[in-house]
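Student: Chain by chain, the residues:
Number of protein chains: 2
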Amino acid sequence: MGEVLFSRSSGQGMSKLGPDAYPTVLTNLIAGEISSSGPAIDVLICGMAGARQGWKEAPYLDVPAELSRLALGAVTPLMSGSRLKPNILPGVCQKFSGDEDVMRGEETQLLGLSTMCPGYSGLVVMPGTHSKWVMLAGTRIERFSTSMTGELFEVLRAHSVLRHSVNGEADAEDRESGLEMGLAAGFEAPHRLTANLFKIRAGSLLSGRRPGWCTGFLSGLLIGSEIGGQRDLIGGGDIPLVGGPALSGLYARGFAMIGAGTRIVDATDATLAGLKAARQA
Amino acid sequence: MGEVLFSRSSGQGMSKLGPDAYPTVLTNLIAGEISSSGPAIDVLICGMAGARQGWKEAPYLDVPAELSRLALGAVTPLMSGSRLKPNILPGVCQKFSGDEDVMRGEETQLLGLSTMCPGYSGLVVMPGTHSKWVMLAGTRIERFSTSMTGELFEVLRAHSVLRHSVNGEADAEDRESGLEMGLAAGFEAPHRLTANLFKIRAGSLLSGRRPGWCTGFLSGLLIGSEIGGQRDLIGGGDIPLVGGPALSGLYARGFAMIGAGTRIVDATDATLAGLKAARQA
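Chains as they are written, first to last, in numbering that gives the first Met the number 0: chain D, 0 to 280; chain Y, 0 to 280.
Keep in mind that the hints are not guaranteed to be accurate.
Cut-off 25 Å, straight-line C-alpha distance, at most; resulting in silico cross-link-like pairs (DMTMM-like, lysine to aspartate or glutamate) [stated by the list, open to error]:
1) Y:94 x D:172
2) Y:94 x D:179
3) D:94 x D:61
4) D:94 x Y:187
5) Y:94 x D:173
6) Y:84 x Y:56
7) Y:94 x D:175
8) D:94 x Y:170
Just so you know, the hints here were simulated from the structure itself, not pulled from any lab data.
Given only the sequences and the hints, what does the whole structure look like? Please build it.
Tutor: Below you can see the structure in the form of structure tokens.
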């Protein structure tokens, strides 16, 4: 009970699937482990499957959102002729005018975090494509903010003039040096992000900055600007960082540079703990 | 003397041409107007043709850069068998460590501006893909900074999750409203740009914000953050805005919202005035 028996991953997500495709994708993913006949099996799902363009829309909970009641908001898509009984957990939204925000998946990780660090109240940072800064009080999300940091990194690297500077053979030492300088630049002047970004191009043209340095600087600048622009939210204790370990490691270095302690929590562990807690509720 | 007899434009620029292709592109562009035989014709060129990946590299002038000496830095690519004698003007660079920057083409517009507004000293803002904020003293560039504002608009609109919010039929009134709110958000918190960007996505999901509003907000937010992050550079007088009239109009509205006067100078007029001044020098 509560153990991981097997895991599977796939690139088949919301952006590639119509609603009708989900039952087959789910069935095929686990076909090798679970026979098609037998008693009913509850399947608990979180994330973008509950989006409007997903499998079936699971309406958002509003902030302040009590995560111990997360499972009550689940929706049940039809999966006829299968022993699988899917339930999709809701996301969380914030409707304050001019400060609208949404999450899907992170709420389940936050519920998991609340079982891994019982009673924790304060800031939680969730690095990712759309990183979240969340004010959590036990099992309640008070409010939150999303930064497009990870996505900016990807689109600038692939599609902007900076691609000429960051693409190429990257030296690890160069990258470290760029990361540190980018973090420092972001902390010092988060209000000058659009100007600081061009320093990468100019640095490669004028100062011989190589792809490793430029990539590290881009990453550090974006993370440093995200952190630097929200310093007022940082309190006294260690900040849980819930995300992939490599990316969380970069954030941990950034926070350390401004004297803030962190604790890295693997996002997959948090998701599993959250699904388990939602199942038990 | 000094009149425009004809003009031609083409999409054939640095990013699409190898060095060997320039003579043919130039010749074909003006073939209908200038016969291939006759006395030599000097051709003065500014911009990316002088980049390392252009026709022939024209080394940068360093800041502080005296623009009355611009033509002395021109390079002369070979164009054998032609009556055209091309000269490519240099760009300007800034090598301060950590504050490196480059321009190619804007220096010629600034020289032009110095003839259109003799004796002007102070801030010049040049809206564009890579917009420039320049401290000009007469014909001397003291220092400058580039913001990737226009390019961020393009890559976010085309390649990020925001494409779902900004693409679609745009209503002009919606767009106006989004522009005003985006400018205000940028002025208020330029240090929170990466978080403010996600408000577009959340606004379309939660508050029914339509493509026109989202496009206006994206544009306003980026321009407002560029201006808001550099307010310390704004002095007392009217700021010359050198750029395309439509984009300069958006900047003028932004500056007006924070009480700064502007004067729009058409970029093409400034370029022609600059080439003329360089020719006469």
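Student: State for each hint whether it applies.
Tutor: Going down the list of hints, with the structure as the test:
1. Y:94 x D:172: 23 Å, holds
2. Y:94 x D:179: 20 Å, holds
3. D:94 x D:61: The hint holds at about 7 Å.
4. D:94 x Y:187: 20 Å, holds
5. Y:94 x D:173: 20 Å, holds
6. Y:84 x Y:56: 16 Å, holds
7. Y:94 x D:175: 22 Å, holds
8. D:94 x Y:170: 24 Å, holds
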